[in-house]
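Peer 1: Sequence:
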Amino acid sequence: MLRRPPYTASMEARKEIEKHINILLEIDFIRKIGHNEIVETATPVFMTWHDGKPRKCGDFRALNNYTNSDSYHLPRIPHALYKLARAKYIKKMNCMKGVHQNGVKPNSMKILSFICHMGLYEYTMMPFGIKNAPAHFQRMMDTIFQEEILKGWMVVYIDGIIIYSEKWQEHVQYIDRVLSKSKPINLKISLKKCNFGQQELLAVGHKVSGLNLNIDQNKVAAVLLKPVPKNIKGMQSFFGSASYYRKHIRNFSHITSSLYKLCSKDLIFEITKERRDAYERIKNELPNEHVLILPEFELPLKLYIYAACSQGLGEALHQRQIVNGEPRDGGICYISWQLKDSEVRYGATQTKCLCLVLALEKLHYYFEGEVFQFYTEFTALKSLLDMKTTNKNMLR
1098 MLRRPPYTAS MEARKEIEKH INILLEIDFI RKIGHNEIVE TATPVFMTWH DGKPRKCGDF
1158 RALNNYTNSD SYHLPRIPHA LYKLARAKYI KKMNCMKGVH QNGVKPNSMK ILSFICHMGL
1218 YEYTMMPFGI KNAPAHFQRM MDTIFQEEIL KGWMVVYIDG IIIYSEKWQE HVQYIDRVLS
1278 KSKPINLKIS LKKCNFGQQE LLAVGHKVSG LNLNIDQNKV AAVLLKPVPK NIKGMQSFFG
1338 SASYYRKHIR NFSHITSSLY KLCSKDLIFE ITKERRDAYE RIKNELPNEH VLILPEFELP
1398 LKLYIYAACS QGLGEALHQR QIVNGEPRDG GICYISWQLK DSEVRYGATQ TKCLCLVLAL
1458 EKLHYYFEGE VFQFYTEFTA LKSLLDMKTT NKNMLR
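Sequential numbering of the sequence shown, starting at 1098, is according to the working numbering.
Please note that the accuracy of each hint is not assured.
Claimed, not checked - SDA-like mimics (lysine to any residue), calculated; alpha carbons at most 20 Å apart, straight line: (1) Lys1189 / Gly1257; (2) Lys1189 / Thr1138; (3) Lys1202 / Gly1257; (4) Lys1289 / Gly1307; (5) Lys1344 / Ala1318; (6) Lys1248 / Tyr1271; (7) Lys1370 / Lys1380; (8) Lys1228 / Thr1138; (9) Lys1304 / Lys1370; (10) Lys1304 / Lys1202; (11) Lys1202 / Gln1243.
Bear in mind the hints are in silico, worked out from the structure with no lab data behind them.
Please take these sequences and the hints and turn them into a complete structure.
Peer 2: Now the structure itself:
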């Protein structure tokens, strides 16, 4: 149903809604619907509080169900941050009010109407909560700054801009270029959310510098305060938040295997000692320092297989770099996964061979066209080069 009554709101929420409505009216992001206009849709709005600050949200779930998906891609976060390798100066900029700066066609405004205790309004600019809003805004930003992105000193993720360089003079020139390009098209930047000339910053859930990539502890703090989930939805929420940092945590799939199975609707939800221990172990891992290094693709890569057994498979991607004249060997990412029922029956050599094959498939982004070294304590893998076999799994 696309036409719904307004939600009940507390007095505090009503005051905040009124403030937001007046601000959006003043900057022409919304307009009041006249008393003689026909309204076909009405989405209720409500207030949420994020970090103690109020945010107006629209419940566009019903409208999103009738919306065709925009398949325009969003950048892969780790790969986008890898571009900052060796950067000495980093600047983060955020577009003011995010996707609200993306215009809406007149024939689309009528389906973007919303309702609250103040009456009916409709958006003249893209609202938050619309299914395709991130993809639309990403496309707009990629089109505007295509030249800067391709030159390799700028990263854009939806409404966030990161400018990076090795020299301060270049850094200032890049900032001036972005601002000069933004002004004619009226793309507004939020000064409060700008960081100038930093050596490290917080972005998309990570703490990143020109050398390292770490977990943003501000993002995991809320996860750590949550009690053990009491239902499948709660476990899925926790598992999704923790999985965002799985590349930082060694043996992540092994640790969470019992929790992952619990998310299935085929099992009765029950927190056993094994599952509670796995839950607590992941919670203990998240606040630890899991520092990864940013890869330099002109240097050789090292692939380590450190687990290949009935519990699952695991690898680590490393690289040896020279920093300030000193060598350092650090991890770029950790990957792990559970074996399928058919794979559990593999022999030792087959399992270890599968581990190598899956690593090359999952990490192809790093290896294609690059030199890498493979390390393992499983000597049986050395015989694969000379082995003659009719086993289809081995020939793969």
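Peer 1: Which hints, by number, does the structure contradict?
Peer 2: Violated: hints 2, 3, 4, 9, 10 and 11.
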